[in-house]
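Asks: Listed below are the residues making up each chain.
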Amino acid sequence: MARSIKKHRSKAGLAPGTLVHVGEQLVDSARITVMNYDPDNCREEQLKSIEAAGEYRKADGTTWLNIDGLHQVEIIEKIGQIYDLHPLLLEDILNTNQRPKVEQFDNCIFAVVKMISYDDQKQCIQSEQVSFVLVENHVISFQERVGDVFGPVRDRIQNTRWRIRKLGADYLFYALVDSIVDYYFTVLDKIAERIEVLQDEVTLEPTEKTIQKIHELKREMLFFRRAVSPIREMVNSLQRDESKLISDATRIYLRDVYDHTIQVTEAIETYREMIGGLHDTYLSSISNRMNAVMKVLTIIATIFIPLTFVAGIYGMNFDYMPELHWRWSYPAVWIVMAAMFVVMMLYFKKKKWL
Amino acid sequence: MARSIKKHRSKAGLAPGTLVHVGEQLVDSARITVMNYDPDNCREEQLKSIEAAGEYRKADGTTWLNIDGLHQVEIIEKIGQIYDLHPLLLEDILNTNQRPKVEQFDNCIFAVVKMISYDDQKQCIQSEQVSFVLVENHVISFQERVGDVFGPVRDRIQNTRWRIRKLGADYLFYALVDSIVDYYFTVLDKIAERIEVLQDEVTLEPTEKTIQKIHELKREMLFFRRAVSPIREMVNSLQRDESKLISDATRIYLRDVYDHTIQVTEAIETYREMIGGLHDTYLSSISNRMNAVMKVLTIIATIFIPLTFVAGIYGMNFDYMPELHWRWSYPAVWIVMAAMFVVMMLYFKKKKWL
Amino acid sequence: MARSIKKHRSKAGLAPGTLVHVGEQLVDSARITVMNYDPDNCREEQLKSIEAAGEYRKADGTTWLNIDGLHQVEIIEKIGQIYDLHPLLLEDILNTNQRPKVEQFDNCIFAVVKMISYDDQKQCIQSEQVSFVLVENHVISFQERVGDVFGPVRDRIQNTRWRIRKLGADYLFYALVDSIVDYYFTVLDKIAERIEVLQDEVTLEPTEKTIQKIHELKREMLFFRRAVSPIREMVNSLQRDESKLISDATRIYLRDVYDHTIQVTEAIETYREMIGGLHDTYLSSISNRMNAVMKVLTIIATIFIPLTFVAGIYGMNFDYMPELHWRWSYPAVWIVMAAMFVVMMLYFKKKKWL
Amino acid sequence: MARSIKKHRSKAGLAPGTLVHVGEQLVDSARITVMNYDPDNCREEQLKSIEAAGEYRKADGTTWLNIDGLHQVEIIEKIGQIYDLHPLLLEDILNTNQRPKVEQFDNCIFAVVKMISYDDQKQCIQSEQVSFVLVENHVISFQERVGDVFGPVRDRIQNTRWRIRKLGADYLFYALVDSIVDYYFTVLDKIAERIEVLQDEVTLEPTEKTIQKIHELKREMLFFRRAVSPIREMVNSLQRDESKLISDATRIYLRDVYDHTIQVTEAIETYREMIGGLHDTYLSSISNRMNAVMKVLTIIATIFIPLTFVAGIYGMNFDYMPELHWRWSYPAVWIVMAAMFVVMMLYFKKKKWL
Amino acid sequence: MARSIKKHRSKAGLAPGTLVHVGEQLVDSARITVMNYDPDNCREEQLKSIEAAGEYRKADGTTWLNIDGLHQVEIIEKIGQIYDLHPLLLEDILNTNQRPKVEQFDNCIFAVVKMISYDDQKQCIQSEQVSFVLVENHVISFQERVGDVFGPVRDRIQNTRWRIRKLGADYLFYALVDSIVDYYFTVLDKIAERIEVLQDEVTLEPTEKTIQKIHELKREMLFFRRAVSPIREMVNSLQRDESKLISDATRIYLRDVYDHTIQVTEAIETYREMIGGLHDTYLSSISNRMNAVMKVLTIIATIFIPLTFVAGIYGMNFDYMPELHWRWSYPAVWIVMAAMFVVMMLYFKKKKWL
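Chains as they are written, first to last, in our numbering: chain A, 1 to 354; chain B, 1 to 354; chain C, 1 to 354; chain D, 1 to 354; chain E, 1 to 354.
No wet-lab data here; the hints were simulated from the structure. There's no promise every hint is true.
To be clear about the criterion: a stretch of chain E counts as covered by chain D if any three or more of its residues have a C-beta under 8 Å from a C-beta of chain D, and this derived list gives those stretches [stated by the list, open to error]:
| hint | stretch |
| --- | --- |
| 1 | 215-222 |
| 2 | 295-305 |
So these bits of chain D aren't anywhere near chain C, every CB distance computed over 10 Å [stated by the list, open to error]:
| hint | residue |
| --- | --- |
| 3 | GLY23 |
| 4 | ALA52 |
| 5 | GLU77 |
| 6 | ASP92 |
| 7 | GLN158 |
| 8 | GLU205 |
| 9 | SER243 |
| 10 | ALA249 |
| 11 | ILE335 |
| 12 | MET345 |
All C-beta atoms in this analysis are idealised placements derived from N, C-alpha and C, irrespective of residue type, glycine included.
Based on the sequences and whatever the hints tell you, model everything.
Replies: Printed below as a string of structure tokens:
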């Protein structure tokens, strides 16, 4: 099964706000990168230790602090101190089983989003939790591992010709969320391909594996939908909220993200319906196969059982069976049997079994 | 499969507001037509270049600017400059995977609608995205290709006897949306015909293709519903909005569009239910066929296997089988077998298998 | 199929407000009747032409103008002039594919309701659109054909002992809608009978026709529900509205109509569930029949194939088969075969196949 | 079928407010009982005629007037006069097809509830409509027949040690509704038993009757849910309403009834899910049985058909068949056939068919 | 069946507020423990009688009174007197069929939660009702039996280094509810394991028991969801309420519980979908098995029935059958039969039946 059931590695028994990494360790050591830019300058740096991040706290312009890898709890703790973040917020960053959500704190906006990609080898959806903290002039992003879909955003920041350099941290926050949501369309296309492959398989040679693949795909879609649909309400609440951290100009862009999320959700629904159709086709294909098998059996048995009976009759050993001694009995029996055969064949033709 | 899964040709990685045409190029070069009218005059012109459209910007009366073909991004860009439109609005016009929606901007109302037609050859629904921008005294419409359902509206504009000449741009906008929605009924009738054809096929000679056609049709309906149902909320929000661009008189007409949309949605639901019924009928027809095959096999086997056994008995070569030497054994065996045959036939008659 | 798919005869391309009759012509020429009454007098008249209706416009008391037959567009147009009705309202009266609804205009309340009856011959639901216009002191009703369920209301108007004579046009409007809704119960009873007939058919002798009848009935229920359920919100909006045309006393009576509509809707839901049950019973009955056929085949084959084998053994022509020459071989073989038969029968008894 | 489809005996054609008993006549003549109590005294009386009820109208303390039997319309009419009740209210009391509801009138609260019991003999749910009218200091209850679940309430009234004596008519009203709702739990337990019986039947010996019983039970649950679920909104609206007839102290108790109704509804949902499970188990049990039958047929046929073929070979009468004359042919054939038998058996063992 | 249908042991007929224990008696005698703590001190004591609890009523700091075992009604009654609790609240504590809920009383907040655990032996979910009463500085918890998931909370109270010592009764109340909700994740993991076991069983060797296990598990999930989902609205209403008993700081923590509840609910939904998939896989596996059986039968019968017919022909005893006397007839027949065999095999190969 492509998607094994995710264990929850429950934190039951720990005090709330205790910082424990819940999830798999996906990198050896966390990588911390920082970008600081204003319309004229742009500085990018990979930090050796989290302490260095403190220097940027009071920097001018917009700062994007990105952390790849969550298992080093002390890093998260330190960032919490630098930016004065609520312990429950830090706990949520570390728990990678979060549901996408947005929460308003006094000094920041906290958002959790699922970055979805498609693993071509395992043929399944890969999900990585990305948390964003938007504080004044700063966006802090937390990823489970190195590698993301933010490349184009980085390029735009480095290049003066794009608006992003002129707009603040809220626009950066929007641009990052937008690039995650845009990537969902790429994943949708991969899934569409997989559905097409399965459609062929169901029609041409369905096996017991096919039904399992169909159910796996159905579950993938469920998983995908669950990752995407809360983003809708999330963006919605960002738009409505009166927080000063997000400007009106950026709110219009958020409306665009909202539209994209609806599009993704509808595509997922369509795919789910199509997968349901695959299931029906599979079942009816099984029935048809059974039907074909039964027809062969019936045709053969219906033709030869009566003929064998006729042969059996003249295999009897009675002393007084006049036909046995007639000259033309044997050819006559052959003719009778041929006639029976022809009648049967006509019957099957009429029934459209042949 | 009639409807292949639409690829999303994701724009992932592009800056928001970047104008890129997302969709197939359906015409060689864009065709720009303009109609300018007031109660007394009506001028229609096909523009050679988009620059000429600028002249109409300040024209008196009502102006309808129509663009067929979206792949020449510079045209859309130019219109954006002439009418001062938001970059996200232009981006939405170019992305033909939009969901029907209406958006209020400071200086305009922007609406996206799906124009649905039925392709008799491919037996599937064709969808074309039409975007409308309603600014003061102007309606700008963007279509993916030449050819639309606006002919009657054009006729009414050209003819002085119709009210449309006396009413403003908001009424024109309504009339265009209305003609798209009215055309949905024509498509519904085509689908109704196709359902009737499938009903006959399911009852008379269902094959494995039939189930696939049923699922295709189901998916078509899903696609149709998805194109139609957002129009309801769209019209609703137009009616409620306090925008000065739409007069109260036109709002009453929008209520009519709203009613039509509900009617279309309900018809779609009814058809979906009927297609579900086709599916059930297909499955039960498969079962019945299997039943019929089994009955033939059972009747033949049940009659002849026992008779063959009787013949087998008297084919044995024991030295001491007194019956073999009796004078009337052979006819007696025939009588016994005939009796068995009759009993079987009566049994099957009673069971209503014959 | 009892209910063929209704064609929409789309008006696509016509200007909104154009008066065109959409629907079948069901009467030769429209019949116009008028009743004018107050607590003391009651006058009933069949009008020769619609012009005569103008006289009643200023009459005292309550006036009920009833038009049977909609294809003579000029009559509707004339009434529109007499009562100063909005063109879209007139258009809706003529389009018999309307969904039940109520609309408030400045000078009137407009309501569309479906009058449902049951055609015993065709065994299907008949629907007729009835439109009501409630203006001060006047109720105008439009029906597609002669014949309705308003007989008892007419009787009550003609008879002084009933309250209806003392109450105004709003009460008359209520009484007419109420008599339509009350008649739904009669239709429900007809459907209940039909379900009972189908229940017997499914249990006793289900054929391929049965499943089609089940689906037809399901579709009838869908159609019925669609005709009934909008009445609920319709009555609701009448109760809430502040229109002066409806008095508070009548509003209490509308609450009663509302209750009845809920009752009808719930009955329809129950029937739908029962029809779903019929479908399941049908499928399981098909399976059981298949099972029965297979059992007969299995019993006969299982008994006689081994016996035939035994007979076959002693039909072999080997020179050295000692059993063939023993004195009691033949009876012994019979005993062996009888024993095999008994063992088989006991086995089937144990398996409860007999 | 346990629950035949209820006929609606429509009142179509009668004037609204006309008092006609809709339902079966369940008692010979109505029984009228009255209880009048205050903290110190309690008087219980069976009235000979409804006129005597008038005396209690102005009595001190709390009065409970109970009418068993609704077919004597004149009694209901008289009560309407004594307590000044709206004609539609009286009509609703007489129509026993009401849906549970609560209605506020100027001078009273009117409630309709279904009293549910379980008929062990017919194995179905029995429903009786109970209407309550709460006027100042008075509760009037109308039942279809003698016999109810109010015994414990009567006992508590007769016994001074209970609070009910000290609390007013609103508490009495609550206590009566509460005792009806509490009795639903008893009915739920009966249904639970019936589900357990059906579970055994489905697993051990499912017949065609079983599927019908499952559907009957499903319908019973539907009926039950329909009787119970409106009580929720009903109690809810009683709690919210500002009516002076219900004190704040009683409102807290109504919250309790509300909780119970939710519990009953959830239990019904669980049972419906379980009945759905029964249905699935039944279908898969039918499939398994078919499978078992087919296996027996296949095993027997697969073993003996090839063996019979071997015997058939040596039953041929060719002049030149050397094997026929060999000394050990006959035992050799037996050995070959035994070997074939063993191979077959091993094959079936491997396939786990034995 | 793992989960037998819970009986309701209805209290029908008892006065509301009558204290009767509804549920099984799970302990011999109730165990009463009390913890009293402030930032500096912590005292834990097991009380011999409930009278001793009265002393703590006026104690400083935060007091947690825990009662294990509900069948001794007098204990609950006494606590009701000490803390002045409403009789309906006490009744709800004793009725262990409550639905999770929260209720605001004048002097306290009352909450009912289900503590869920997984019984590895019986392979089913165990549920225990826990009621909380939050009064000023006091939390009173009522459990059905000894043993709970509060161990870690107790540890944190005993240890000065945790915040819980510094925070008040509302935080304690939160901590207790949180530890119950956290434990749900542990139960989810157990269920995930069980689903994996069933997945193997369905694929490898499905029996009739399997379908029953699937339905049991489905019912368990239903039961689980029912226990969990009301907590969501419960926590929600706690957050919104303006009660002074809960501080704003604690409200933020409650948001966290809310998130967890959503996560649990979504996991349950995913599992339900997976169980549905198991059901489908089971059914298609049954069909495939039937198919396999039929193929074996068809192959064997189709090969040997025609061969047996050929042998039968030459077993006939006609005097004039020239083939019988030809020298090479016998080998020729063998060759013919071998050819037929080969043709059949090729046919089956082509059909992919082998």
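Asks: Decide, hint by hint, whether the structure agrees.
Replies: Now for the hints, and whether the structure bears them out:
With 4 residues bearing a CB less than 8 Å from a CB of chain D, the stretch 215-222 of chain E meets the requirement of three and the coverage assertion stands. Check on the stretch 295-305 of chain E: 6 of its residues sit with their Cβ under 8 Å from a Cβ of chain D, so the three-residue criterion for coverage holds. Annotated as non-interface, GLY23(D) keeps its C-beta farther than 10 Å from every C-beta of chain C; the closest such distance is 13 Å. Once the 10 Å rule is applied to beta carbons, ALA52(D) is consistent with being away from chain C; the minimum gap is 30 Å.
With 10 Å as the threshold on Cβ separation, the claim that GLU77(D) sits away from chain C holds: the shortest Cβ distance comes to roughly 16 Å. The claim that ASP92(D) lies off the interface is violated: its Cβ sits roughly 8 Å from the closest Cβ of chain C, which falls inside the 10 Å cut-off. Residue placement check: GLN158(D) keeps its beta carbon more than 10 Å from all beta carbons of chain C (closest about 37 Å). With a cut of 10 Å on Cβ distances, GLU205(D) falls inside the contact zone with chain C, its closest approach being about 8 Å.
With a cut of 10 Å on Cβ distances, SER243(D) stays outside the contact zone with chain C, its closest approach being about 17 Å. Separation of ALA249(D) from chain C is adequate, the least Cβ-Cβ distance of about 30 Å exceeding the 10 Å criterion. The beta carbon of ILE335(D) is kept farther than 10 Å from every beta carbon of chain C, the shortest such distance being approximately 13 Å. Non-interface call for MET345(D) relative to chain C: holds, since the shortest CB-CB distance, roughly 14 Å, exceeds 10 Å.
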